[in-house]
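Visitor: Whenever a hint applies, use it, and build me the whole structure from the sequences.
Residue numbers (our numbering), protein chains in the order written: chain A, 1 to 331; chain B, 1001 to 1287; chain C, 2001 to 2254; chain D, 3001 to 3390.
Warning: the hint list may mix true and false statements.
Stated by the list, open to error - Under the rule of at most 30 Å between Cα atoms (straight-line distance), these lysine-lysine pairs were calculated in the DSS-like manner:
1) D:K3129 <-> D:K3110
2) D:K3129 <-> A:K141
3) C:K2070 <-> C:K2011
4) D:K3327 <-> D:K3087
5) C:K2144 <-> A:K329
6) D:K3149 <-> D:K3238
7) C:K2070 <-> A:K218
8) C:K2144 <-> A:K218
9) A:K141 <-> D:K3208
10) C:K2113 <-> A:K218
11) C:K2011 <-> A:K218
Unchecked claim - Just so you have them, the derived chain A footprint on chain D, three or more residues with Cβ under 8 Å:
12) 3105-3115
13) 3120-3133
14) 3162-3172
Source of the hints: derived by calculation from the structure; they are not laboratory data. Every value quoted in this text rests on a predicted model; they were computed, and no experiment measured them. Cβ coordinates follow ideal geometry from the N, Cα and C atoms, glycine included.
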Amino acid sequence: MNRETVTKTMRPNRSITRDLIGIAAIIVASALGYLLFPDNLALLTRIIAIALLVLSLDLVTGYCGVATLGHAALFGSGAYAAGIAAAHYGITDPLLMTLAGILGGAIAGLICGVIILRAHGLPQLVLSISLIYLFHEFANKASSWTGGSDGLSGISPDPLFGSFEFDLWGQTAYVFGVFLLLAVFVLLRFLVRSPFGMLCRGIKEDPMRIMAMGASPKITLIKMYVISGAVAGIGGALNAISTQVVGLDSLSFTQSAEALVMLVLGGTGSLFGALMGTVVFMLFEDYVSAANPFHWLTMVGALLIGVVLCAPKGLYGTAADIITRRLEKRT
Amino acid sequence: MQTVFSIAIDAFAYGMVLFIISIGLSVTMGLMRVVNLAHGAFAMIGGYIASYAAQDLGLGYAAAVLLAVFGTVIISIPIERLLYRRIYGEPELTQVLMTIGITFCIIGIANYVFGPTLKTIPLPPALQGSADLGFRSIAVHRLFAIVCGLAVAGGLWYAIERTAFGVKLRASVDNASMAAALGVRTEIIYAVSFAVAVGLAAFGGVLGAELLPVEPYYALRYMVTFLVVVSVGGAGSIPGALLACLLLGGIDTTGRYLMPEFGEFFFYLAVIAIICIFPRGLAGRAR
Amino acid sequence: MSAVFDVLNLKKAFSGLTVTNDVSLSMAPGDRVALIGPNGAGKTTFVNLVTGSLQPVSGEVRLNGQTVTKINAIGRVRRGLVRSFQVTRLFQEMTPAEHVALAILQRDGRAGKMFGNFLSMPEVLDEASGLLAKLGLADLMHRKVSEIAYGQQRLLEIAMALALKPKVLLLDEPAAGVPQSDTGRIEQALADLPSDLAVLMIEHDMDLVFRFAKRVIVLAAGTIIFDGSPADVTKDAAVREAYLGSYANASHAA
Amino acid sequence: MKRVAIAAFAAIIMGNGAYADTIKIGVVGPFSGPFALQGKNFKAGIDAYMAMHGTTIGDDTVEIIYRDLPAADPAQSKALAQELVVKEKVQYLAGFYFTPDAMAVTPILKQANVPLVVMNAATSAIVTKSPLVVRTSFTTWQTSTPIAKVAHDAGVAKVISIVSDYGPGVDAENAFKAGFEKEGGAVIEAIRMPLSTNDFSPIMQRIKDSGAQGVFAFLPSGPTTLGFVKAYNDNGLKAAGIKFFAPGDLTQESDLPALGDAALGIQTTFHYAVSHDSPENKAFVEAASKAIGNPAELSFPSVGAFDGMNVIYKMIEATGGEQDAQKAVDAVKGLSWISPRGPVSIDPESRHITQNIYLREVTKANGGSYYNKEIQTFENQGDPGLAAVK
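Guide: Put into structure tokens, the structure is as follows:
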């Protein structure tokens, strides 16, 4: 009986500790980024925006097992929602723009979820690809709203809380991004450990079994898609606010595929994996493309092959495995 | 009426070109269960070899095609041995990561070796120019592509359904361990199938070069088209792939004639509709 | 006592071939019924029809006197018709505590909650650990399912089903694949099932059937050929003919 | 590698000239990816200019810092520009192949006190987004308007317009329509086809069915032009005598070897042909060919970059190397010079380049290679697009 109480209390404590470590890690990494690359905050802000996209992808792919190569539809919808709110409706408060992004992303999530969840496996991938092309084409067609292929410009967000300008040096945007990321991270930690999160993990392994428990996998997954859309929408809004332009590339297949690559690189099914994959991929890409623009694609390809061969569970997944194995050996 | 006829012929020709390039992918994805995003890269290698053989070595078209097919297969052997073998049976996402990585590498190398410009494969005089069909003219090489497409479809169907190899292949696909227990050497079956798939990719890359010109980003540019066509058909099914190519070719061509502005919408809406109605593809088998 | 579960003239055909033909049965709370039949008798189809995975050509399924034939599988579970699986279908990456807690939360309509954790919901945790303790799984409740023995996984299946507080429980070969040494635990668990629960067990193991069931139904070629007491089943000529013959002679008659 | 090389190079220069300043110019362009060829042309133009005019202005040394942006990606563009300004302390931003990338940078120019010299991006509106933008390339309106007169002069009254459905395509369609209708012709149908179109047969069928005497086309340079031009021949449009008009993007020099005989006789209007006959261009082509390595890869972005460098050098001279964006831009307003493409000037109002537009025809040279042969000149063309947008 004693042992049971120990395990009972130990479990939640351990994961709360892990949460605190995670939050601390994000804060430390953000501060380090700020101190080490004070002149490169725009890149770092961009990494945060993409990290939000990858986190959102992890929710449906990592936690629910949905294969998608069209997740930028949610990100881009958020970006356009925030951009259109600012450029056409004069909603230039950054917080309201973020809200617009959340709404845009969530609605896109609902649409994508309803369609993508109709198939599984390869056909599901193809559905997601078709959707991203439709979204892209739609944004291209609606050029009076979106600026078409020239991009949506004329977004000029107000200073944050009336006093912090989104300026050239990008400090405001960066700090704003870090706070958004932290908020999202904390909320998602709650989400994935909640009963709902548990349900999603169950669906990933065996949707039939979940049905036999009286829960509907479809409705659950659509809910998750909407949440995922909101998260991606925050990323999109951050992108729109910090760069003040939204381009069709934010709704592209390429962006979707890159997000998936980053997620698998970091390791699916864990929030840290998603963050790690994004940071590693984007820094690697930035470094290699600056060092050797002509061959960077080859090197990125080699990196991906290397990861599949040496770290099949992704960077974080494999690292976590090694660490737990070490710990178990010690005890 | 004449216009309808004319569009039908265009659709047929386009569908057959799509078929030739995609059918190899259907083999890898359906029979070997590998989401092979690098398929276009192999088609591109075929195109480059043929272009090099014809332009720089001065070989004839037939020789260039043969060289392209066998050259690509030879290049693919070490790739299959070292890389693909590691991802058979792995989750789809791992396969996506690996094959995208391979695609990136091949693009980078092609860019380095052949440069970024477009490459063409000169056609022999017999395939140049247009043929008069009475009510319209059509490029001879398109007719050639149609004939080749039909030949490939027939040949593959025969090989899979009627030969001893086909029996072993289908047995390995349905139940690898059972097939192995019965004495089928599944590794060899897989290696041969992979080589056939790659060879078909190269063949398609060369034959389709008039429509999809060879350049380093070929592998990424058309990756999605191939993937879509194969999935709509139902991976692994030759009649399915043929049907999907003709159907999508038809929808695409008609859409682009009637409302070119919304060409993309037609195509992808059709894909979504088909998959929603046939979640396993047109000829997909229940697993 | 009025019936909690009725099946009326259920019929199903696959491409012209009738696999379930005019099957009817009725169960009251507390019933312990075993459904047996030779391979290919249509037991699996019957289960799928009853749970709603398949739609019948004609006939009716009733729960608590209400027709549920048009209600899908999920809706039937929510109305109290719960099944277990012949081959365990558990979530390998999750713990027994999570399995049972998820079932409890789902039963209470709280599985969609996006905040909080069942570990910090005392009533859920208590119920889950109580249930697991009753089945002897208390020590394993925080292990991953992939790390526990198959016999214990079968017990967990039963625990999950019970956590849903069903009115009718379909047990699909609850002891299949369990090593001899562990069957005792499972039989104990079956004996301890709530007394007001109607249980329909599909089983091959006749020893288990005779120990557990108060009533046996024999299905052959899609039709019920016997419905009566276990004592009578071995004496029934049709059953012997269809299925039991040698077994009855060899082990029970002896 | 490149960073190291530049740093080493800079170190040597710094070591030699004790008190001289280094003026950095940040160039953003597609140096990898599907458009890498255009990026290479940027670099070739810049290298050619610096080879011909030296790397020092007065006491100051000019240093170029390249950043790669493979495809239209405004967010990345902004990030790169910001890094160039804040970290590398560049005094000038230049390059930019795609419109959205250039647009993304305009909001930061004022605060950064940096002028932007656009070396390619061809949408008219870019120069209106900030008073610190100068463009030395062209606009789609600028190159597509004269072809309307050419079409009219060729006796064509009914034209069908076929463009790729994206910003520049729409610009080209509008420009042609405006020009052609002014000449008294009629655009009987205007079709916008998706950028991803591979099979142009149905489009050719549309052209045939429309009964037009000529077709106006705009597609981005690259693989699709090849398919389009081949389909035009294969489907018997050329044989049927339907005339083909397009701006020069369709027949850029680096695509000509692949187009081959299919392109022969196609007439396009553009601001620059590599074959342009002038001493300035001879010198430029020689230097740029050396810089790019393979002369067959030389194409129009190189001249935009070359003239962009000329503008920046003038800016540096005018400001004496001090960082003063407004002064620098004011100094080149109205500036005129003889470019490799012919006489050009910077319009003081719009800060866009005023230049000759040439009608050219794809011709086979004696050596068997293909080139754009200039056959008519439209002098001193401004950008009609700006007026049209307003």
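Visitor: Determine for every hint whether it applies to the structure shown.
Guide: Tested hints:
In summary, the hint linking D:K3129 to D:K3110 is supported, as the alpha carbons are separated by about 11 Å, within the 30 Å threshold. Pair hint D:K3129 plus A:K141 holds up; C-alpha atoms about 23 Å apart against a cutoff of 30 Å. Proximity of C:K2070 to C:K2011 is assessed by CA-CA distance (about 14 Å); at most 30 Å being required, the pair is judged to hold. In summary, the hint linking D:K3327 to D:K3087 is supported, as the alpha carbons are separated by about 23 Å, within the 30 Å threshold.
As the CA atoms of C:K2144 and A:K329 are separated by approximately 18 Å, the hinted pair is consistent with the 30 Å bound. For a cut-off of 30 Å, the pair hint linking D:K3149 to D:K3238 stands: about 21 Å separates their Cα positions. This hinted pair checks out: C:K2070 and A:K218 have alpha carbons roughly 19 Å apart, not beyond 30 Å. Taking the CA atoms of C:K2144 and A:K218, the gap is near 26 Å; set against the 30 Å cutoff, the hint holds.
For the suggested pair A:K141 and D:K3208, the alpha carbons sit about 26 Å apart, so the restraint of at most 30 Å is met. Simply put, C:K2113 and A:K218 have alpha-carbon atoms about 16 Å apart, close enough for the 30 Å limit, and the pair holds. Of the supplied pair hints, the one linking C:K2011 and A:K218 holds, its CA atoms being roughly 29 Å apart against a limit of 30 Å. For the segment 3105-3115 of chain D, the proposed coverage by chain A is satisfied: 5 residues have a C-beta within less than 8 Å of a C-beta in that chain, meeting the threshold of three.
Here's how the segment 3120-3133 of chain D fares: 3 of its residues keep a CB closer than 8 Å to some CB of chain A, so the rule of at least three is met and the hint holds. Look at the segment 3162-3172 of chain D against chain A: 5 of its residues bring a Cβ nearer than 8 Å to a Cβ of that chain, three or more, so the hint holds.
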